[in-house]
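*Asks:* Here's the letter readout for the chains.
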Amino acid sequence: MNLDAVPLLTTRSICKSFGGVKALKDVSVEVRRAEVLGIIGPNGSGKTSLVNLMSGHLRPDTGEVQFLGKVTTGLKPHALAERGLTRTYQAVRVFGSLTVDQCLDTASLMRLSHGDRLVDRQEILEWLELDLLKKKVSASLTLFEQRRLELAMRLMLKPKLMLLDEPVGGLSSQEVARMIVVLRQLRSRCGILIIEHTMHVIRELADRVVVLIAGEKVADGAPSAVLQDSRVIDEYLGSAHA
Amino acid sequence: MSDATILVLVSMLITGVLLGLVFALVAAGVSIMYGCIWLPNASNGQVFVLAGLLAWSLTNSLGWSVLAASLAVLAAGGVMAWMLEFTLIRRLYEAPNRNIDYFVMTLGLTQIISGVFSVTYARYNDQYELPKTIEGVTFLGPMPITNTRLFVIAVAALAIAALFAGLRYHQMGRALRAVFQNRDAAALRGVDVKSVYRFAFILGTVVTMLGGLLYAMAYSFDLTLAWTMSVTAFAIMIVGGPGSIFGALVVGLVFGLTQAGVSVVASPTMATFAYLGAMLLILLIKPSGVFNR
Amino acid sequence: MTKAHSNILGGIVCCSLVALPFALQSNKFLAFILGMVLINMIWACGMNVLYGFVGLMPLMYAGIAGIAAYGMIHLTRAEGWSFWVAMPVASLCAAIVGVLLGLPSLRLKGFYFTLCSLVIQTAMTLVFSYFPKYTNGDTGINQISPPTLNGKELNGAMFEVVLVLFALAAVGSVAFIMSRPLGKRFIAVREDEVLAEAVGIDVVRTKVLAFFLVSLYAGVGGCLYAVYVGFVSPRAFDILSSLAIWLIVAFGGRGSIAGPIVGTLVLAPLPYLLQEVPWAKDIILGVLIVGVILWFPGGIYGSLFKGRGVRAAVRKGDADRMVDQRV
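These protein sequence lines map, in sequence, to chains A, B and C.
Residue numbers 1 to 242, in the working numbering, belong to the letters of the first sequence in order.
Residue numbers 1001 to 1293, in the working numbering, belong to the letters of the second sequence in order.
Residue numbers 2001 to 2327, in the working numbering, belong to the letters of the third sequence in order.
Think of the hints as simulated: they come from the structure by calculation, not from any bench.
Accuracy of the hints is not assured; some may be wrong.
As the list claims (entries may be wrong) - Lysine-lysine pairs mimicking DSS-like chemistry, simulated, CA-CA at most 25 Å apart:
id, chain 1, residue 1, chain 2, residue 2
1, C, Lys-2028, C, Lys-2152
2, B, Lys-1286, A, Lys-22
3, C, Lys-2003, A, Lys-135
4, A, Lys-25, A, Lys-70
5, A, Lys-136, C, Lys-2003
6, C, Lys-2028, C, Lys-2281
7, A, Lys-158, A, Lys-134
8, B, Lys-1286, C, Lys-2109
9, A, Lys-70, A, Lys-160
10, A, Lys-160, A, Lys-76
11, C, Lys-2109, A, Lys-76
12, A, Lys-76, A, Lys-22
13, A, Lys-158, A, Lys-136
14, A, Lys-158, A, Lys-135
15, A, Lys-70, A, Lys-158
16, A, Lys-25, A, Lys-76
17, B, Lys-1286, A, Lys-76
18, C, Lys-2003, A, Lys-134
19, A, Lys-76, A, Lys-158
To be verified - Per the computed footprint, the stretches of chain B lying under chain C, defined by three or more beta-carbons under 8 Å from a beta-carbon of chain C, are:
id, segment
20, 1091 to 1100
21, 1111 to 1118
22, 1282 to 1291
Virtual Cβ for every residue (Gly too), placed ideally from N, Cα, C.
If we strip away everything but chain A, and leave its shape as in the complex, we get (with noise of 0.2 Å):
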């Protein structure tokens, strides 16, 4: 089997309700290598349940998660962290009362030697123009900072996929275009998959893209094809913002 059309994460069929609410009816979705998959939709289309379900965080009721071709249902998110399968959430956390540097440390600590923990360290630092900021303790830094801080924690970790959730929540226009060009960089060094609801971004990055509107998936491919299909003008694109 050629390796790389194994995709990274694979939902077959999950369902999902909370108390008699179904919050995820039946949904498949594939990331596949060196493709940027984005999962668009309005509030309360299950978007976070199914990034919930893929991280660990919830179990579904019926049907199975996949990363790297071995099922994963049911597992902690660390035991997928130590996979290689880790996640951003909506929003920012960083370990407030530590240095950038003691984050990285703790973000690390999986890593066996202390000669692996800071190989990378100062490249990554620098290309997220943390640098400077080694030695700021984390919840004095800005919102733009703490975002790229929560992308260098995950890349002590060696992720093969990240799933972000909604990356680029709370910043300006300006941060919103300087992350843009970051996560574009980022492709190169781990597979993404991204959740947001603000089409600019949506069709900056993703080479495909999933729409999930009540719990369902409704659309499935790129994005200049899903933005035409009605079902998703109809019952989406008419409350969102471009």
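Please arrange chains B and C on chain A, whose structure you already have, making use of the hints.
*Replies:* Chains B and C only, in chain A's frame:
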């Protein structure tokens, strides 16, 4: 069923209802503070006993009637609560995670009050008793019940009903509930959140003291009651659901009847074990409580 | 304070501590206070790991110490074991119990865990009082004989020297643990559990380990307390004891190695110096608790040495991380 058994059962029932209503009142006070301000008041038991002790001082040393003393204590309680809010409580209104801070802070207050007790009231007496509030005894069938206890039951029930109605229909009550549901949304709708907090604290304290006064009217009490009452009030609040007066009432009555029933066959400590067990179970299974909104 | 300075200071403190018991030989009262300070230091180290570094407030700490103490007493009296065997065994048992009692922390956040631990502590005190088979109830157990070392009973300055060694071991071991990856995992869990999980930290395992380790400190302290004081009762291991140890850590400065030492040196002697006026002890304890919460959340050591920057950052971090803790 023999007459004696019927008398025992009816007596248990009356005690249970009385205790239950008093418990519910105190739990409601604690619940209002926690639901609205996120202030878990660990010192509620001390305040409960303090009310009874102050009333005792007024009736014993100054010869006031129980009713006059009670009103005075409630008024003084309101003032004390206001002062406490002004100096200590309001400093944490903006703090995130303030429920732990408040919990520990009120544990500190518990220590202070308890220390004051041990150098004042504890030296004087072991048991405290108020003079009869109302003379006479009424007979419900064959069962005699003192008019005082009837009075206590009536006042407690009225107070709970008033709380319930006030929260639902009065402007301030609705503001309280709005802040409890969602502080930021309430602020956007023009509610002055800080004065609602202040109101909730004072109301909660006064309600707790009312519970203490009513208990003192019906029974004699000692200083160890403070800790037991704190545990019971928290247990009722957690099991019933923070912020729910109805939950406080139902669970309070259940606990009251349990206590009355258990006291007949075993030591009251067993009842405390049961409350702790119930609280633990709910915390682990459904932390939002049985009757949560 | 630079690292070199704090190392020198640490060295001076260690040497003085070893010398103190001999210096205080003439004053039994002061020697006893020294002993209690040392035992409290062991306890404070454990509490600091859980409260300062992992971020959980375990109000059942004293109860766990009590389990070890009563267990050790049973093993030495009823089974005739030597103290030096009974203590580790009893402490290990207490540690296992501690892990079980800490399991609620896997589901309950912040205040709810604290409340739960309060309930557990209250239950433990009731069990100690009302199941006298091992504990002799409220009357307590007295005439606990001191352990023997090289055939001779341990008393006088030698006992305090032994305590000094234990206290130094406690402080040193905490410093060691915190310098290892496990220590960084503790801090990560304190800062943000969800993020810790996302960067590959097994939060469940980390918490279980934390409770195990912390309970060991509680247990060793409890056993030493029992043989040093010679008398135990449920009141020695109740909620007030847990709160007192918590206060030592919070007052001294949680999340640092030196903080609990400072806190112990200042607060542990107080109850004994205030023996004549027990009510004052309660009031002072209460006032200090309120004061620490309102004005010194970082403790004395935190306020003096860590400075404003970290404190401000920590408060902002708290605000950003706010999670609805009512449910």
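*Asks:* Against this structure, judge whether each hint is valid.
*Replies:* Results for each hint:
A C-alpha spacing of about 20 Å is found between C:Lys-2028 and C:Lys-2152, which places the hinted pair at or below 25 Å, so the restraint holds. Distance hint between B:Lys-1286 and A:Lys-22 is fulfilled; the C-alpha atoms sit about 22 Å from each other, no more than 25 Å. At most 25 Å may separate the alpha-carbon atoms for a hinted pair to count; C:Lys-2003 and A:Lys-135 meet this at roughly 17 Å. Taking the CA atoms of A:Lys-25 and A:Lys-70, the gap is near 23 Å; set against the 25 Å cutoff, the hint holds.
Restraint check: the Cα-Cα separation between A:Lys-136 and C:Lys-2003 comes to about 19 Å, which is no more than 25 Å; the hinted pair holds. Taking the CA atoms of C:Lys-2028 and C:Lys-2281, the gap is about 22 Å. The hint holds against a cut of 25 Å. With a C-alpha separation of about 20 Å, the suggested pairing of A:Lys-158 with A:Lys-134 holds against the 25 Å cut-off. For the given pair, B:Lys-1286 sits about 13 Å from C:Lys-2109 by alpha-carbon distance, which is consistent with the 25 Å threshold.
Taking the CA atoms of A:Lys-70 and A:Lys-160, the gap is near 14 Å; set against the 25 Å cutoff, the hint holds. Distance restraint check for A:Lys-160 and A:Lys-76: the Cα-Cα separation of roughly 17 Å lies within the 25 Å cut-off, and the hinted pair is therefore satisfied. Under the criterion of a C-alpha separation no larger than 25 Å, the hint pairing C:Lys-2109 with A:Lys-76 is consistent with the structure, at around 19 Å. As the CA atoms of A:Lys-76 and A:Lys-22 are separated by approximately 22 Å, the hinted pair is consistent with the 25 Å bound.
Annotation: proposed proximity of A:Lys-158 to A:Lys-136 holds, straight-line Cα distance about 24 Å (limit 25 Å). For a cut-off of 25 Å, the pair hint linking A:Lys-158 to A:Lys-135 stands: about 23 Å separates their Cα positions. Between the alpha carbons of A:Lys-70 and A:Lys-158 the distance comes to roughly 18 Å, so the proposed pair stays at or under 25 Å and holds. For the proposed pair A:Lys-25 and A:Lys-76, the alpha carbon gap of about 22 Å is at most 25 Å, so the pair holds.
Taking the CA atoms of B:Lys-1286 and A:Lys-76, the gap is near 23 Å; set against the 25 Å cutoff, the hint holds. A distance of roughly 20 Å separates the Cα atoms of C:Lys-2003 and A:Lys-134; the hinted pair therefore holds under the 25 Å criterion. In summary, the hint linking A:Lys-76 to A:Lys-158 is supported, as the alpha carbons are separated by about 18 Å, within the 25 Å threshold. Against chain C, the segment 1091 to 1100 of chain B contributes 7 residues with a C-beta closer than 8 Å to a partner C-beta. That satisfies the three-residue criterion, and the hint holds.
Here the segment 1111 to 1118 of chain B counts 7 residues with a CB under 8 Å from a CB of chain C, which clears the bar of 3, and the coverage holds. Counting residues of the segment 1282 to 1291 of chain B whose CB lies closer than 8 Å to any CB of chain C gives 4, which reaches the minimum of 3, so the coverage claim holds.
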